[in-house]
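Here is how the chains run, residue by residue.
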Amino acid sequence: MARYLGRRLLQALATIFVVVTVTFIIGRLAGSPSALILGEWATPEQIAALDVELGFDRPYLVQYADYLGGLLQGDFGNSYRDRGTSSMAMVMDRLPDSLVLGAAGLSLGLLMAFAAVLFIHLTRWWPLRSVMLGLGSMRQSLPDFFFGLLLVLILSVSLGWLPSLGSGSLQTLIMPALTIATGQFIVYARLLDNALLEQGKHDYVRTALARGESPRRVVLAETLPNGLLPVMTVAGINLGTFLGGLVIVENVFAWPGMGQLMLTATFSRDFAVVQSGLIMVAVLFVAANLLVDFLYGIVDPRVRMR
Amino acid sequence: MPQHTRGRLTRYSPSRLLTGTAAAALLLSACSDSTEPAGDQTPAEGGELIIAAVAEPENVTEPVVDGSLAGYNYYYNVFDRLTMFDAEGQMQPELATEWEPNEDFTEWTYTIRDDVTFHDGEELTVDDVIFTYNEVLNSTDSSVTGYLNVLDTVEAGEEENTLIFTLNTSFSAFPSLTTAVSIVPEHVYSELGSEEFAQQPVGSGPFQFVSYTRGVEYVIERNEDYWGGAPSLERVTFQTVSDQDARLNGVISGSVDLGQISPNQVGAVADDPNIVIESVTSNGVVFLGVNTGAEGLDDPLVRQAIIHAVDRESIVENVLTGGGLANGQIVAQSVGGYDDSVQLPAYDPELAEQLLAEADYQGETITLEYATDGRIPLSTEVAQAIQGYLTAVGISVEMSGMDQSTLSNRVSATQDLRGLFLNTWAPSTMDGDMPATNFFCGGSNDYTHDETACGLVEAQREVDEQERTDVFGELAELNIEQGFIMPLYSPDNIYAANPNLDWQPRADGLFVLKDASLTE
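Residue numbers (full-length UniProt numbering), protein chains in the order written: chain A, 1 to 306; chain B, 1 to 520.
Hints are computed from structural coordinates only; laboratory data are not their basis.
Each residue gets a CB set at the ideal place from its N, CA and C atoms; glycine is no exception.
There's no promise every hint is true.
Stated by the list, open to error - Quick look at which bits of chain B chain A covers, simulated, 3 or more residues with Cβ under 8 angstroms: (1) 57-63; (2) 251-259; (3) 497-505.
To be verified - Here are some, though not all, of the chain A residues that point toward chain B, as calculated from beta-carbon distances under 10 angstroms: (4) 39; (5) 49; (6) 143.
Work out the full structure, taking the sequences as your base and the hints as a guide.
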């Protein structure tokens, strides 16, 4: 167990190192932020002076070594825009909002998927299955920003039920969370549906039924636990796309999460913030996959962590 | 405001599946303590205004260091300046009661009010003004410093409440620059320093600071003791909403009261009773910058041809659906230096073809660089229209779209651009001196280094009023003749607003709210 954890930790650090290095290189290729910070009135001398202040006049390798050195001491560098604020502090400021939205959207999506699929498989009301998959596919064919705008048009503009943007109350959470949830819903509904159908063909199901177990019990006690495994695997992999989608949804609803922060930071070449944000995303990604591995072990005792 | 009718949601649901979704949504909304959209909380006397702002300052958010447009939205309401422009672009006194130049405009004496206090109760004095200007002048990372390139020193005058600005050159429009510097209290700023002052700014303006959450909102409230009379609005929130559809939907649904929108959004909502659309010609000019050293563009005849090949009025009419004014000068109609007597360059494709033949243009590819997002609304469509016009007269155009920051960085590096580039310039000082200097006297858009043009820029600083406008007119005609910078149009600032809001849109696109009010 300890060896397993150690190995995963090393993998995680390697992943983060790669992320940091790649973003550093891409960031430096995009040039210095000084001209953007100072605006169009600035003279070349002023721009050069700010370059020196921010350390952009030094050779890239020195800047990189300096940055890595800082990371090792827990110093993620200050934002270039808000020069008194640590870039990681800015990210941590926004993290809770993203987590709330992400968790609300994902759990609502999962809840809907499980509820719908289980309802269908327990009642064996197959026409509903086609309806569910059809609607889900329709939702999936709409990009998140478009679906979000549709929700706004219906729920805010036409009906006036919900604020169209903002944060800080449960009402403002509903539409962004629904946008994410409906997007995630079909991914998991399809997976779980497939898994249950697949498991249903196995011999152990026939045996169980022959033993006189009720079809409902077979689904809940036999096929569902087995069907969970592929769902969980994909959940871990899916997290990357999920985090990407979060950026779009935050933008449509002016939700002040990490995605918005990273977007504006990218546009204004605030690399320190972009890098810290990506480190955080990498940490989240690695942690979520680790969690999936653990859950895997719990759901399926055959999987031992080595 | 439509009522919150919960029961109806289920009726609209197309299937049981969606019923589940809706039920979950209702569950969430039932948990919430208020059922009204955020925009309508606490209808207090004077009212609360929520503005959907396009962006946030890209800098430490206090007025000594930050001169961004996004920042001026805050500072224009929380701080005072010596002089200020009203919504029409007319110069008005603010902290200064009068200002007087010496004979050659190299020295300016300002007299300031003696009845102004900061929000912490301390008196605003000449020393605070001098302190602020010196902080700006001495800063290495301030984007305000660029406004003060003509300023040498500022010191107290002999008479009480006066101060003297000494310039390093003649400058007849100097009072336009004192609109750019918001006065901070020395006793607070010198103690806290820039970054901490940004967390708890103290000004003397009609509103005082309440809170700032980066990425979310900047909140200010009425200053009851404002020397110019307390404003009507109780509270103003600048909420950052970078997406233009989100801004428009926000106003329609009542989540916000006011937001800037794009010309192509107007048509769909023009008849909506929940909003009013307001617009005003901006202080900006969208132009084609020219690297006059690039192949093909090094010939003045080819540049001439390009000027006459583009139908400015049609671009405004068809691409911007009328949201602007065609313009052949480097400054907008509302900006100091615009000369009414200068004609818009004619749209004459035949002349353009003739000029190209004369120039012996052999079909060299000319690159047009533009930003696909950002400062120019519909920039991609405008760039495509230009490509169409140029192709029609036989010029081969290669389009190169990029993000706004990349383009801005390339523009500020000057020698980097490959040919034509679509750019814009909007002087918050409402005066043509800064764009003219930038275009013709070695600024980032100046590829030509033409001595005559730069000579005219210097000449306008030494004369005043009509004489000055005449010099700008001469410069405008020289520019068209040579094709250094190719002005296209002045875009409108367009807003969607709550119909109950009484306010005036400004040419500079900023929100100055001391005279705004909300009615029920």
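Hint numbers not upheld by this structure, sorted from lowest to highest = 3 and 6
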